[in-house]
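Between the sequences and the hints, there should be enough to build the whole structure, so can you do that?
So the protein sequences, as listed, match chains Z and U.
Quick note on numbering: the first sequence equals residues 1 to 598 in this note's numbering.
Quick note on numbering: the second sequence equals residues 1 to 262 in this note's numbering.
Where hints are given, some of them may not hold.
Here are a few chain Z residues that sit away from chain U, every Cβ distance over 10 Å (derived from the structure) [as the list claims (entries may be wrong)]:
#1 Val19
#2 Tyr67
#3 Ala171
#4 Leu205
#5 Val252
#6 Lys331
#7 Ile446
#8 Gly453
#9 Gln513
#10 Arg570
#11 Met593
Mimicking DSSO-like on lysine-lysine, the simulated pairs with C-alpha atoms at most 30 Å apart in a straight line are [as the list claims (entries may be wrong)]:
#12 Z/Lys59 with U/Lys153
#13 Z/Lys546 with U/Lys18
#14 Z/Lys59 with U/Lys240
#15 U/Lys107 with U/Lys69
#16 Z/Lys331 with U/Lys240
#17 Z/Lys549 with U/Lys65
#18 U/Lys107 with U/Lys182
#19 Z/Lys384 with Z/Lys148
#20 U/Lys244 with Z/Lys331
#21 U/Lys101 with U/Lys65
#22 Z/Lys546 with U/Lys16
#23 U/Lys18 with Z/Lys549
#24 Z/Lys59 with Z/Lys179
#25 U/Lys16 with Z/Lys549
#26 U/Lys69 with Z/Lys546
#27 Z/Lys148 with U/Lys244
#28 Z/Lys549 with U/Lys69
#29 U/Lys254 with U/Lys101
#30 U/Lys65 with Z/Lys546
#31 U/Lys51 with U/Lys2
#32 U/Lys69 with U/Lys210
#33 U/Lys227 with U/Lys107
Computed spacing ranges between beta-carbons, pair by pair [what the hints assert, rightly or not]:
#34 Z/Glu407 with U/Ala246: 47 to 57 Å
#35 U/Val243 with Z/Glu70: 56 to 66 Å
#36 U/Ala151 with Z/Val338: 44 to 54 Å
#37 Z/Glu69 with U/Ala246: 57 to 67 Å
#38 Z/Glu64 with U/Pro226: 52 to 62 Å
No lab work stands behind these hints, which were simulated from the structure alone.
Just so you know, even glycine gets a beta-carbon here, dropped at the ideal spot from N, CA and C.
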Amino acid sequence: MASNPLVSDRDVQFLLEEVLDLGRLLRLPAFADHNQETIELYLASCRRLAREVLFPAYKPMDEEPSYLEEDGAVRAHPLMHVMYPSLVGLGLISATRPAEVGGQALPQTIGLLASVYLMAANLSATGYLGLTSGAARLIESFGTDTLKERFLPKMYGGEWTGTMALTEPQAGSSLTDVKTRATPAGGYYLIEGSKVFISGGDHDLVPNIVHLTLARIDGAPLGIKGVSLFAIPKRREEGARLVDNDVITAGVFKKVGWRGIPSVALNFGERGDCRGWLVGEPHQGIKCMFQMMNEARLMVGANAVATASVAYHQSVAYATERPQGRPFTSKDPAAPQVPIIEHADVRRMLLRQKAIVEGGLGLLAQTAYFADVAEHETDAETRKRARLLLDLLTPIAKSFPAEAGQESNSLSVQIHGGYGYTSEFYPEAWWRDQRLNAIHEGTTGIQGFDLLGRKVVAEEGAAFLFLNEEIGRALSAARSAGVDPTWGDAVAKALEEIGRLTLHLGGLGLSGQVESMMAHSHDYLNAMSLLVVSWIWLQQATAAHKGLKERPEHADFYRGKLQAAQYWIRTELPKVNHLVRLAEEVEASYLEMRPEWF
Amino acid sequence: MKILVTVKRVTDYERKVKISPDGLSLVTEGMNFVPNPFDEIAVEEALRLQKAHGGEVVVISIGHKDASKEIRQALAMGADRGIHVIAEELDPDAVARLLMKIVEEEKPELVIMGKQATDDDANQAGQLLAGYLGWPQATFASKVEGLDSEAEKAQTPGVVIAGGEATVIREIDGGLETLKLKLPAIVTTDLRLNHPRFASLPGIMKAKKKPIKEVPVASFGVDITPKVRNVKYAEPPARKAGVKVADVAELVNKLKTEAKVI
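In structure tokens, the structure reads:
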């Protein structure tokens, strides 16, 4: 079997050069140091590291997870020790950060696409760096200069890693209920409490791990306004030495997937000697976290697309080589069997995977593009518009790949048949990995609340109007490029239906009927996801039409794009109508269901 | 110590090449190009030697104008500057004679080249260059991996330089041999010499400011008329279906009479 490309290079090139306007990004002053060549070289390095180093280590890491050893230590997989210096050396942790903090000011669009290769190769290995990057980012945004000096160079340099230590046994999605205590002790706080599910929370890759932790300062008000953010290192610096900071690993979870990176339970301050340093203002912890949430959620979306992508490429290769059965029309049992890709029903599954993977990647690239514009465009109005679009698209870019990705990964198992259900083959492992993405960084349910309850109604629905404009622009571009007009009509109709529903639900909210408004937030999220991904496919169809004319030598690639666009718009988009009806009529089966009736 | 390294732009070994309809060339339209993997090993070796002994690493590419990207990648790995001789496809002899001119001007103590390029697999340029210069050469340089840690392995050069001499372990049929060469010398690299590093993002950004001197091929006054002519390209014959034999006797018979291997 040909080696798995993890992600299609041609698709990444298509997104950057033919769908999104990379040139416009590169003209922004923030990205003045970059050009086509720096971007190509960076993508090339990431691809090769992913294919040659990370991917071969995936299976051994999945098969031999870390555990709490008798001496109380948690050790990373030996292969992780070998790979870690290469991953750090690439410059991944601070790639998109500005030069002031040692970064290279890479556009997020590029950073994300490059990371997708690494994630597709080895989700867990990449996770160590992604978590460090996220944790350092919080200190960069909210920490004092002293904290920045103490932590940032070491974290961005990969000498120390970082985690997000938020969840407690009784406070998972509901972070306002965290109980970990912080007692002021002059210059620092003494921390006491327990955290669970801390990915990368203990290992021996580096001498120190910095946990960005939510805790309550003694006497803080109850609820969301009493939670503060702290940096709590595993070991604290005393002079030139690192000494134990009373952070104890209580256990390592046995997980379904992501087995290459340990998720641990941590106890802070069992001996009353755990020191933490406040990041940001007291009681502003949740607010700090919120500002980082878009990025963290896009990362989860990228994890999901990556995991679906590597499995999709494996499916295509397997279906091309596996002979099984004969065409319906063949009656001769002596005729050779055909590769299963010759069966239309197998192509149905492959095309569905393609539509999810490439639609998801396109959505993430588009969303990251808005993030770059929102942060770096010179014109304030354009920045604000992009910010609202980014906010609106983020819950979709997180949940769509996570949910549809599970289906896509499941299809990969299906295409491999009985072999797919064995651990001799990869698809079952990716299927297990994928399952987490709908859970962490805000469950799919929470993404639905966020979209309908917060993002769509923000600034009197401005974001939805901007999305309307964007889709309108894509519709006319598709028309002039010669895309089948029925596709555009279908997208316009779905947009109109969802627009009407949004007004209706917004009205319910304004009149105080919040329960009715939110009853179908999940269906609303699904309807919006179908619409947004159809918009992404319409843009790709437009670019494919142009490509067919200008670069006929790539005809196979463009025809594949058009088939996937057609599949998505004809097969999936019509489901919007049904979902809109459920939400509009406030179909009440589970709303009225009583706990005692189960 | 000054080290010259060559980097050739070749078609991506991950992709299938297509032969033009007339059978006289390969289709380059739509092809992806990468640095010759053996040359990346040469760059890595030069960088490790530079770390151990100081000096300068100069990267040379002779070829298409877009080969500046392959030079830039070597600079991003850590090399100091580049020389780009812009030329169309050349045969190994022309390449060796052009390199000789550059060596005469740059006066390096060591030239490290890939043993061959993965596009035409000629395996000649290094040997020809050594011949033209009258320098000692060690081809197919390799390395014996000891029990060092992975981190040490990733830094130690395979070529040992001391007292004006280079000690090179080389792969030969049936084993390894060790040569001592007086510097200046030519070394060509084999697969097991090292694992080349990946260009890091900070390295890529630094490389933007490193100079690449572009030199038109005509300025060397070297006759580059090919001595080698491509007569025809052809796909290897497709594999034929196998046959089942009834018993050992039939198998032995077929091996004798049809395959003629015993």
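Compare the structure with the hints numbered earlier in the document and write down the numbers of the violated ones, lowest to highest. 14, 24, 27, 29
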